[in-house]
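From first to last, the protein sequence lines stand for chains A and B. 1 is the number of the first residue of the first sequence in the numbering used here; add one for each residue after it. 1 is the number of the first residue of the second sequence in the numbering used here; add one for each residue after it.
What the hints contain is simulated information worked out from the structure, not anything from laboratory work. For clarity, every value in this text was computed on a predicted model and none was experimentally measured. Hints are not guaranteed to be accurate.
What the hints assert, rightly or not - Examples of chain A residues toward chain B, derived with CB under 10 Å:
| no. | residue |
| --- | --- |
| 1 | I58 |
| 2 | I99 |
| 3 | N101 |
| 4 | N107 |
| 5 | E126 |
| 6 | G129 |
| 7 | K214 |
A virtual CB, placed ideally from N, CA and C, is assigned to each residue, including glycine.
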Amino acid sequence: MEKIIMEVKGLTKDYIMGEVTVNALRGVDFNLYAGEFVVVLGPSGSGKSTILNIIGGIDRATTGSVMVNNCDIAKANEREFTNYRKSAVGFVFQFYNLIPNLTALENIVLAAELSADPIPPQELLEAIGLAERGGSFPTQLSGGQQQRIAIARAVTKNPSILLCDEPTGALDHTTGIQVLRLLKDFNEKYKKTVVIITHNAQIGEMGNRVFHIKDGLIDRIDTVENPIAPEDISW
Amino acid sequence: MLYKKVYRSIWKNKRAYIACMFLIAVGIMMRTAMGVAADGLATAKLNFYEEYRLADVWADVGAISQSDAERLRALTGIADVTARTKMEVRAELDGSDEMITLRLISFDPANELRLNDFQMTGMKPLHPQEIALNYMFMNANGLDTGDSIRLIVHGRTFTFETTGSFLSPEYVYIAPSFTDILPDNAGFGIAYITAEAMGNITGRHGIANNVLFSLESGYEFEDVRLVLMDALASHGLISLTQREDQLSYAIINMQTESIQGISVSMPLVFMVMAAVVLYLMMKRIIEQERVQIGTLKALGFSNAKVIFHYVCYGAIVGLVGGLVGFAMGAAMSGVYLEMFLEFYVLPELVQPISPTYLLFAMAVSLGTGVLGSLMGAVSVTALIPADAMRPESPKPVKYDIVGKIKPLKFILTSRGQMSLRGILRNPMRSGFVILGVTFSFGLLCVFGSMEHLIDAMIYSQFTDQRLYNVRVTLTHPIAYDRAVEAAYGVRYITQAEGLLQKPVSLTAGHLQVGTVITGVPAYGELYRIFDTNRRTNYAPPSHGIMLTNGLADNLNATAGSLIFFESPFLPDGIYIPVTQIIEQNLGSGAYMELSALSEIFGESPIATAIIFNTNNLPYIMDYFRNSQFTAAIEDKDTTMRKYYEMMEPYMGIFMVLNIMGALVAFAIIYNTATISLSERKREYATLRVVGLSTNEVCEIMRFEYWVLGFIGMAIGAPFASGLMVAVNNLMDTAMFSMPSTLPAAAYITGILGCSAAIMLSNFSAKRKIAKFDMVEVLKEF
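Take the sequences, apply the hints, and build the full model.
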């Protein structure tokens, strides 16, 4: 876990809302290492989603740098930004964001088609235990099933980093645990970095490191010596 | 994979897309149907002209011998010459009391290479008692080969046997003259008889009065005009007409050009509207699918790919609309051609639906679809994925109308105030709704009034201009007082006046037009010079000439222009000022006061026709049919009825256009309403959650729609007038122009149509609001 795959320095983000400027991030520094499982914890409005959006290439930083493979994502042009999203990161959203007019399998294939080295969608569908539901549309699936499809969609691109924004936020406990298991499996089986943001402190126990965010800054970073299995987490 | 999303989305919102496809389809249908029909007409006429050697120049002369005519071949620029005799005679058919005028034309059966040859069904008349009649005349009168027809010439009767019917390149469109341009197939016909038979009738064998010329390649009419005038002067040259001014040729050309003009401009209007609607729909989809777009971009889809994805919607709508429109147009072109056959007699009038029409249809419809959707989809470039995941911030109220105009607070309920603020909060959306209603209103007014306008045009011609029952054209000019006195001497004539009509040639600058000038008595009551646009009568000028708008356009003349006035009956031409241009919808010509016109010709007042009112029409018709002074007789009611009958096929087309107009109007209003509802789904759902009933929410929407609808209709009124003028400019020919003033009924049609569309859209929206799953809607953003 020594190889740095992302180096974040002096990250700030300001939102201008009418006549008010909101400083969502006020200078954030951290590194991400290959194959680690990171949990980002913080209350609502602390800036954790903003960090995820910026390092995921779906939002621009106001200042600072995000170095990935010697390239500063924070200063990337539109083409570089798109290529970064296409190949380097996979996103999992709180509300799944599946394309409603595509079936479960088609949602995964849609992402797989973007990758030069995808993990086969059918294999992932089996891995998430939804091989029988590939032909179902998102509205025909439960929330947990939709989130599993969303994870498979993010994973199929075979990205180096998987970024998950409150992946269990809309799920009940049991389903939430299943989803966390999937993420842990991806982390362990494929040796990929996983970053989860959540306000659920218990989830932090399964990460290698825990970032505590407060008022747009990293308050502290905890290293977890013995992360627990998702099944041992309760909330 | 995204293609599947496109198909499924289109299927899910099929009604809105079908409405948009319909707009494109109607535009392409018009282009294809009219274009194919116009091409068919153009191709058929050109083939016919070439195969049957249509002349380049016509010359009417007093008399010329065949041998003198033959010598004209030697003139520079002249390729071929055919001399013949042409005269108009009265005719009678067994069992018919129809007053018939036949234009008799002689031909030499031995000359197979004559100009203006004719295509026979049956045998060509070879013997002196045989006659060939034009197809439409035979058809209208139910004549068969072998039937007899009697010609009355100077009181003598000649009986002929019909050998068959013919089609002639010279008479593809058959009408008596430029002043009487609508065909009367039963009452006016063309007949060919042998030169020998013509000699028997006229008593002048070997003498012709009409010479046809074809020109050498590279020569134009202007190159030979002076040479021919000089060569024919000694033969009593009456008129020299180039092909472009020949009645049949000119009318078909005008018709073809007019159709071609409409076939381009009208579809353009539909395409622009379709592009606007697609743009609106795409804006809505982009708005609705913000999260999906954000997700796609987060997954790694580039802006170009996302835009391409949304452009596919428009491309599919365009292609399907284009194909449907092309198929409808191909089918409709047959209907158009059928309609042409009512007026034009051409062999092999085919429908050449060339692949270029399909390619054009596909290119234009695809272009429209792509352009409309591209304009709407291009906004995705500005959408940052992270922002797309959040609901869009509500639009600020920039101008609070309720706050500014205090009484509104007391007049309107809180829901009314919300409606008004809603209108101003999103001016772009409100503007598009207004635009949709305005356009629909214009279409409904224009298409809905066509039938009425044609009706009014014919009615005006016969009620505002012709205040007489019967018109008798005399075989030769008679002193005015004597003619009118004689008319009063006939029983049952209650009021009579005379008219003087002379063929003249008018020249303004380098433009020359052959026409007929009508001399109208100074204080006449039966024939009015009526301006259909200004709805005013004008007294005939004593010092100068009055031109109809069509003729003035052809001469590029305005009031005050100096016109060179020539006539075969004038030894030298004279310059005469134009006193006024008057708008007339049917026909083309010039007017002067009768005595002044007679004086130009060096005569005391004369008349070539008498017009009168009678209280015993059958008696009068019978009386004048048997008079040796009668060349032609016209009973106004019968003529008017024939005009209406002739316009019937047009009425069918107008009805189809009217229905199309209504459907298009509904499609536009429905779509803009659906788009607006979709944009405000969240707002309405919130109001339901707050506690407003479906009806109360609908009240906000209804009020907003009626306000916008009212503004749209108010702007639509001048827009409709402008559209009508534009359509008329396209349809205008020298012979025919539609009234440009929309009748009140047109505006009522527009108001009713738009109101119905708004009500139906509101009804549909109400059903959707009632079915809102509030939790689901509020979860969407």
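Hints not upheld, ascending by number: 5, 6 and 7
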